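Protein chains: 2
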Amino acid sequence: MQRTNFESMHCPIARSLERVGEWWSILILRDAFQGISRFDDFQKGLNIAPNMLTRRLRALVEDGLLERRRYSDKPARYEYVLTSCGRDFRPVLLTLMTWGNRHFAQEGISMFLADERTGQQVEPVLVDARTGELIDREHHTLRAGPAADERLRSRVEFSRQQRLQGRAPTPSSSP
Amino acid sequence: MQRTNFESMHCPIARSLERVGEWWSILILRDAFQGISRFDDFQKGLNIAPNMLTRRLRALVEDGLLERRRYSDKPARYEYVLTSCGRDFRPVLLTLMTWGNRHFAQEGISMFLADERTGQQVEPVLVDARTGELIDREHHTLRAGPAADERLRSRVEFSRQQRLQGRAPTPSSSP
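Chains as they are written, first to last, in this note's numbering: chain A, 7 to 181; chain B, 7 to 181.
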């Protein structure tokens, strides 16, 4: 496999992918959010090979997204539950779902986010936590932070130059 | 590689992963959002093998996330720009970045979302587009839609049962 050590890239997106950049990991987290916690239930739901599931669960535990807890002594049995780091992954799953529903649900919606109180479908959108303003590409851009390395800094600078020259996809062409 | 046809799973998260469930694809999209459009620039920025880059770009074009455009006739040269489907992927990148910054930025923030007008860091959060209410696990849950297959329907029902029995991570244990 072509795994590269993304950790060596300073970008926080690359770092996140270092933890969940395998299809299975994201689907396991999705199922954990739906209350699945036992090996057999993950296995049955995902139709995943047991050795692959073992490997992905172990990685998610090592990376601090799942916690392995003993729930039975005789025989010794374990379950896997989301840590607070794992629970913080929920917005990624919801934005993936929203994108999938918008573009790849030819025959209709198979899963959606609902308001538990009304049953109505909810469209989740990103806003500025402080002001409530919708995040868009015209007003919200990426910047290099104090811990950025040279590569990341130059990428952000390249991006700024592209914007200034109007070569980057312009805000007006964005949705 | 252990690629499974996620398309056969009806879940919109699985379907999204079918398009971008490779580390490289997500990093290529990230760079496209920063205005990178040419093969050599992607290659230099990502330090990716050319044949791998060719393969990932082709898949992103086939899946409708990037458009391949000729920008020079002699010699014939092409650039890759985000389609509207590709631009709609931005919230996924921003939530991945936010999660990475929160949990995996030990030595400080290397990249952040800023308000272009003030330069201040912005924390993007998910809200209900209609009401502006914060999305949380107590009030917003996943439901099966009309196009759900049996497997997805039973997974959602399992999740509901877990919640009712209090076995699922309870809302009060969520952040």
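Think of the hints as simulated: they come from the structure by calculation, not from any bench.
Errors might be hidden in some of the hints.
All copies of an identical chain are treated as equivalent in the list; a pair is satisfied when it fits inside any one copy or across any two copies.
Said to hold, decoys possible - Quick list of in silico lysine to aspartate or glutamate cross-link-like pairs, DMTMM-like style, CA-CA up to 25 Å:
(1) Lys50 / Asp121
(2) Lys80 / Asp155
(3) Lys50 / Glu163
(4) Lys50 / Glu156
The model shown is predicted, which means the values in this text are computed figures rather than measured ones.
A quick look at each hint next to the structure:
no.: 1; hint: Lys50 / Asp121; in the structure: neither (28 Å within a copy, 45 Å between copies)
no.: 2; hint: Lys80 / Asp155; in the structure: neither (51 Å within a copy, 37 Å between copies)
no.: 3; hint: Lys50 / Glu163; in the structure: between (48 Å within a copy, 15 Å between copies)
no.: 4; hint: Lys50 / Glu156; in the structure: between (46 Å within a copy, 13 Å between copies)
In this structure, the earlier hints numbered 1, 2 are contradicted, and the remaining ones agree with it.
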